[in-house]
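Single-letter residue listing:
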Amino acid sequence: MGPLIKLIVLNVVVYAILKFVVPNIPGSAPLPASLVFLYMMLTTSGFVIFATVSAESKEAFWGPIQRFLTGENIGGLQALRYGVLILFPLLIGWQTYNSTAVSDAPPSENRTIHPAPPGEYTGLSNPISKTPDAIQQGKGYYAAFCSPCHGGNFDGKGSAARGFNPPPANFSDPTTIAMLQESYLFWRIKKGGVGLPIEGMPWKSAMPRWEVELPDEWIWKIIMGEYDGAHQAPRTWE
Amino acid sequence: MTQRLKHIVPNVVVGVWLAMGLLTVQPVSAEEKAKVVAPPESTLQSVSVSAPLVKGALPADDPNAAVWSSATMARFPMSPQVHWPTRILEATVKDLNVRALHDGTNISILLEYADPTEDPDDAAAIEFMVGDKKAHFAHGQPMAQVEGGPVNIWYWKNKDNKGVDMNAKGFGTIKVQTHQDVKAKGAYSNGTWKVVFTRPLSTEHPEEDTQIKTGGFINIAFAVWDGKKDASGELKEKGSQKAVTAWWNFRAEAPPDYSTYYYAAIAVGVALGFQFVLIRKLKKGHSA
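Here the protein sequences line up with chains A and B, keeping their order. First residue of the first sequence? That's 1 in my numbering, and the numbers climb one at a time after it. First residue of the second sequence? That's 1 in my numbering, and the numbers climb one at a time after it.
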């Protein structure tokens, strides 16, 4: 088998593994196309280095490529050669067109959903003892103040949620309050959307600044009610 | 000579390989990006309003003009204003359809929404950021960690049936401008309001008016008030009690630009030239 064929076979195998085997490993996920491409590039560069270490192996590797490009003694491959020579400039042109064409899509915005809180809001612990009464009170306040957007089922699907972008957080989703500490929620409830740093795009958030309407004690109880109602637990570092 | 070529060829092959790889990856990664930008829920929901350039007069006084159909309709869900007291937990208008057209000088924006009753206090508004600073969608209220800018509000109320050009930077700071550039006209029929707002794309007051440059996206938000009165004679929706949208994107389309085709043609030419030179050198190398 010539080195060129080996290279092609190797790349096909690498592609198949990355595309079909890796995503099926438990705990894994489909790889982004850019990463698959990167791995195939590495495979190819590695192979090229390996194939060109000696003069003979170099000839075995580059020889067929040179002969194909110059069209000397390639017989039936001549048509394929013309195909490649026509197709390559067209592909380059198409690529240029795609990269310079004005996009119809609005600019994408990378909003950080959980930006770092200000220092004074890290590591605060809930001063209210976790009694059934306190949790029940928290749920009552939640129903009155939070559920219109965050939903009676803690799923972010309240009746007032539909118009907002970003949408209100879904507390039953394990990537929201389950990833955060109680002090983080205290900050977000107290200061609201307008309290976010720039990477959180505060100008888009509809979250009220509850410090102007609710006492701290109510906010701490709401936090308890939220975790309990959404069947989640605050993140701890222990 | 052959030795030198043997140095060149590997680079060329890697270059070709890279180009082919990028060609395969580019559309795929574009698809991946598009998924992130896509609207959160319903497929009926838009993320932007795009105003095509039209020849001839804009239908500034005619919400029912046929030319409106040449603009793509954007559809935005509305929420009751719950962000700040005084709140409202349910508003009449749930969805807003928006179309826009421009003629290179003026822009016309058509809002269309269902409202079961025509009332003198029915009202609608469009909001923009002014200048380079970001402004919160709730009247440009102050943000704790970001210095915000003002918002420009174009307001229309049925009983006056005209546009009002206003500014705000925080709640309770709304101010009617001394120079009025916005025209507005509403028409009600069959349970549907259609309201057209028109203004020059650019004005002489960049500190107060949003400036619309063709081709670029800017932020836009909307509000609607149902001016119906309840049993006690109180207005159902007024002031901060209204239906609102979040910030979305707005653009007045630029005139067609053909430079993309020129760039593509140049790229094809360069690639052809590269092939020609490469093969000629390879052939010379072989015969040498």
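Hints in this document: simulated from the structure, not taken from any laboratory. Treat each hint with caution, since some may be false.
[Unchecked claim] Straight line, CA to CA, 25 angstroms or less: simulated SDA-like cross-link-like pairs of lysine to any residue: (1) A:Lys58 with B:Lys159; (2) A:Lys139 with B:Asp119; (3) A:Lys58 with B:Lys175; (4) B:Lys283 with A:Pro106; (5) B:Lys169 with A:Ala60; (6) A:Lys204 with B:Gly148; (7) B:Lys281 with A:Pro106; (8) A:Lys139 with A:Glu109; (9) B:Lys134 with A:Lys58; (10) A:Lys204 with B:Lys213; (11) B:Lys229 with B:Thr117; (12) B:Lys281 with A:Pro174; (13) B:Lys283 with A:Phe88; (14) B:Lys229 with B:Asp119; (15) B:Lys94 with A:Phe145; (16) B:Lys284 with A:Pro167; (17) B:Lys194 with B:Lys283; (18) B:Lys213 with A:Pro106; (19) B:Lys283 with A:Glu72; (20) B:Lys55 with B:Glu207; (21) B:Lys238 with A:Trp210; (22) A:Lys190 with B:Pro59; (23) A:Lys204 with B:Lys281; (24) A:Lys204 with B:Lys55; (25) B:Lys94 with B:Gly148; (26) A:Lys6 with A:Pro26; (27) B:Lys183 with B:Gln275; (28) A:Lys204 with B:Lys159; (29) B:Lys281 with A:Pro167; (30) B:Lys281 with A:Ile74; (31) A:Lys190 with A:Pro167.
Could you check the structure against the hints above and give me the numbers of any it violates, in ascending order?
Checked against the structure, the hints that fail are numbers 1, 2, 3, 4, 5, 7, 8, 9, 12, 16, 17, 20, 22, 23, 24, 25, 26, 27, 28, 29, while the rest are satisfied.
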